[in-house]
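One line per chain: the protein sequences are F and B, in this order. For the first sequence, my numbering puts the final residue at 236, and the numbers step up evenly by one. For the second sequence, my numbering puts the final residue at 1236, and the numbers step up evenly by one.
Check the hints yourself; a few may be wrong.
Stated by the list, open to error - Listed next, the in silico EDC-like pairs over lysine to aspartate or glutamate satisfying Cα-Cα at most 20 Å (straight line): (1) K1003(B) / D197(F); (2) K1096(B) / E1131(B); (3) K74(F) / E87(F); (4) K1148(B) / D17(F); (5) K1188(B) / D1164(B); (6) K188(F) / D1057(B); (7) K1188(B) / E186(F).
Claimed, not checked - Label-pair restraints from in silico Cβ distances: (8) E186(F) / S1127(B): 45 to 53 Å; (9) K1148(B) / A135(F): 27 to 35 Å; (10) L1015(B) / D72(F): 41 to 49 Å; (11) K1148(B) / N64(F): 23 to 31 Å; (12) Q1169(B) / D72(F): 26 to 34 Å; (13) D1190(B) / N20(F): 35 to 43 Å; (14) N173(F) / S1127(B): 47 to 55 Å; (15) Q1117(B) / D17(F): 36 to 44 Å; (16) G1208(B) / D17(F): 24 to 32 Å; (17) A135(F) / I1219(B): 43 to 51 Å.
Calculated directly from the structure, the hints in this document are not laboratory data. C-beta: ideal position from N, C-alpha, C; glycine also.
Number of protein chains: 2
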Amino acid sequence: MPKIEVCLSPALLHLYDFSNSIVVVIDIFRATSTMAAALHNGAKEIIPMDDVQKCIDAGLQTPNSITAGERDGKVAPGLQFGNSPTEYPRAFIEGKTLLLTTTNGTRLLHQTKDCKQIIIGSFLNLSAVCEYLVAQNADVLLACASWKDRYNLEDHLFAGAVIDTIGHQFDINCDSARAGKHLFREAKKDIYGFIQDSAHFLRLSAYGLQSDMEYCCKIDAHNVLPIYEDGRLVLG
Amino acid sequence: MPKIEVCLSPALLHLYDFSNSIVVVIDIFRATSTMAAALHNGAKEIIPMDDVQKCIDAGLQTPNSITAGERDGKVAPGLQFGNSPTEYPRAFIEGKTLLLTTTNGTRLLHQTKDCKQIIIGSFLNLSAVCEYLVAQNADVLLACASWKDRYNLEDHLFAGAVIDTIGHQFDINCDSARAGKHLFREAKKDIYGFIQDSAHFLRLSAYGLQSDMEYCCKIDAHNVLPIYEDGRLVLG
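Hey, can you work out the whole structure from these sequences and the hints?
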């Protein structure tokens, strides 16, 4: 059986050999949730970028594109839209290129690029991720983006949801995976309720983003499979 | 209120400012459990060392001392005793200096030395640790030794036990602390049963060390407070 592991922080990535693994990048609040939503609603592609100025420049050069990203809960100066999964309905995003700045998520995409394949995970596309991973019969690393390298409850909880769903089809000898499964089993009846006592919830609540976070907890609301290829995310 | 935080791996220590904190070093299987047991049974002091040869040399120079440490579940060549909390009864250890080699635990002691104070935590001395921390009215970092920087369920579980016991007397904005509390609340009825699905349990079970690990789960069996001072552990 292939193995499945969970890395709790980008600062721990060096402990894992993921060169032949499928890496699932997880940044629940809110980058990977927004990516799943935008692609489900018809975005042509998403180009994650780590820098606001690069994003502005790329926007000027990319036809039919929109620039997006936040700093401290607000649209970053110079960009057009924010980082909310509810901000990209089909009527708005269909056929467009989304140039999205994210800090933790984009950095993790770059850090894990030397792997078999990168896909994007969130509660919004949990089933698509699980079904894909089982079908590939390959080793898997569930990689939590965390917050400035600090352990994040919501990212671990999603990793635990994957373990709870498909862990029995993999070899597991990873305590991060076991702990995630325990946490998810406790939380699964009310993920949004559970996550309200977390650092990220408290931080983003101060910006009035509770409804965003509630949305990010909706299992399979945008059940597609974003795959990272050549610097862009497209539907798998 | 002072704050309390949990660091899940020595590789994440750089994220925490513990210069004015009490650091609780946690290495449940088995270094910090053995330390609590030996001091409770009357050891004069314990000198943690990271290297077998240094330990052998120190043993030759230290009156009334014993050298101890394991590699791969057996007494390391050149040392006299192992790293089991049951190996140091009063009749044997009383009044002696224990020169103990541990890999993860000793390294963590060195990494955290620039703090307010280091104490040693294990299930065997949970209450002593909690009572001491509450009385000091200082910031606290619960530092998990982990296994070669990999997240360990049993160390996190102990951190969670501390949070579950005294967390309400501290400011908590640390998801590692929150997750530990959830895990401990799930495990507390049967810690030994819970921990049997963990990487460390499986590794040490292969050496026949189940009874050691069962012993390490006995809350307050050696309820003393080991304090690290000038390179040695003594009773607080």
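To see whether the hints hold, each was checked on the structure:
1. With a C-alpha separation of about 16 Å, the suggested pair K1003(B) and D197(F) falls inside the 20 Å cut-off, and the hint holds.
2. About 27 Å separates the Cα atoms of K1096(B) and E1131(B), which puts this hinted pair outside 20 Å; it is violated.
3. About 13 Å separates the Cα atoms of K74(F) and E87(F), which keeps this hinted pair within 20 Å; it holds.
4. Proposed proximity of K1148(B) and D17(F) is supported: the alpha carbons are some 14 Å apart, at most 20 Å.
5. Taking the CA atoms of K1188(B) and D1164(B), the gap is about 10 Å. The hint holds against a cut of 20 Å.
6. About 55 Å separates the Cα atoms of K188(F) and D1057(B), which puts this hinted pair outside 20 Å; it is violated.
7. Pair hint K1188(B) plus E186(F) holds up; C-alpha atoms about 14 Å apart against a cutoff of 20 Å.
8. Between E186(F) and S1127(B) the CB atoms are about 25 Å apart, so this pair departs from the stated range of 45 to 53 Å.
9. K1148(B) and A135(F) have their C-beta atoms about 33 Å apart, which keeps the hinted 27 to 35 Å range intact.
10. A hinted range of 41 to 49 Å for the beta carbons of L1015(B) and D72(F) is inconsistent with their spacing of about 20 Å.
11. Taken as a hint, the range 23 to 31 Å is violated for the pair K1148(B) and N64(F), whose Cβ atoms sit roughly 49 Å apart.
12. Between Q1169(B) and D72(F) the Cβ separation comes to about 31 Å, which falls inside the hinted range of 26 to 34 Å.
13. A C-beta distance of roughly 38 Å is found between D1190(B) and N20(F), which places it inside the suggested range of 35 to 43 Å.
14. The supplied range of 47 to 55 Å is broken by N173(F) and S1127(B), whose beta-carbon atoms lie about 33 Å from each other.
15. Distance hint for Q1117(B) and D17(F): a CB-CB separation of about 38 Å, consistent with the stated range 36 to 44 Å.
16. A hinted range of 24 to 32 Å holds for the C-beta pair G1208(B) and D17(F), which are about 29 Å apart.
17. Taken as a hint, the range 43 to 51 Å holds for the pair A135(F) and I1219(B), whose Cβ atoms sit roughly 45 Å apart.
In the structure shown, a violation is registered for the earlier hints numbered 2, 6, 8, 10, 11, 14, in ascending order.
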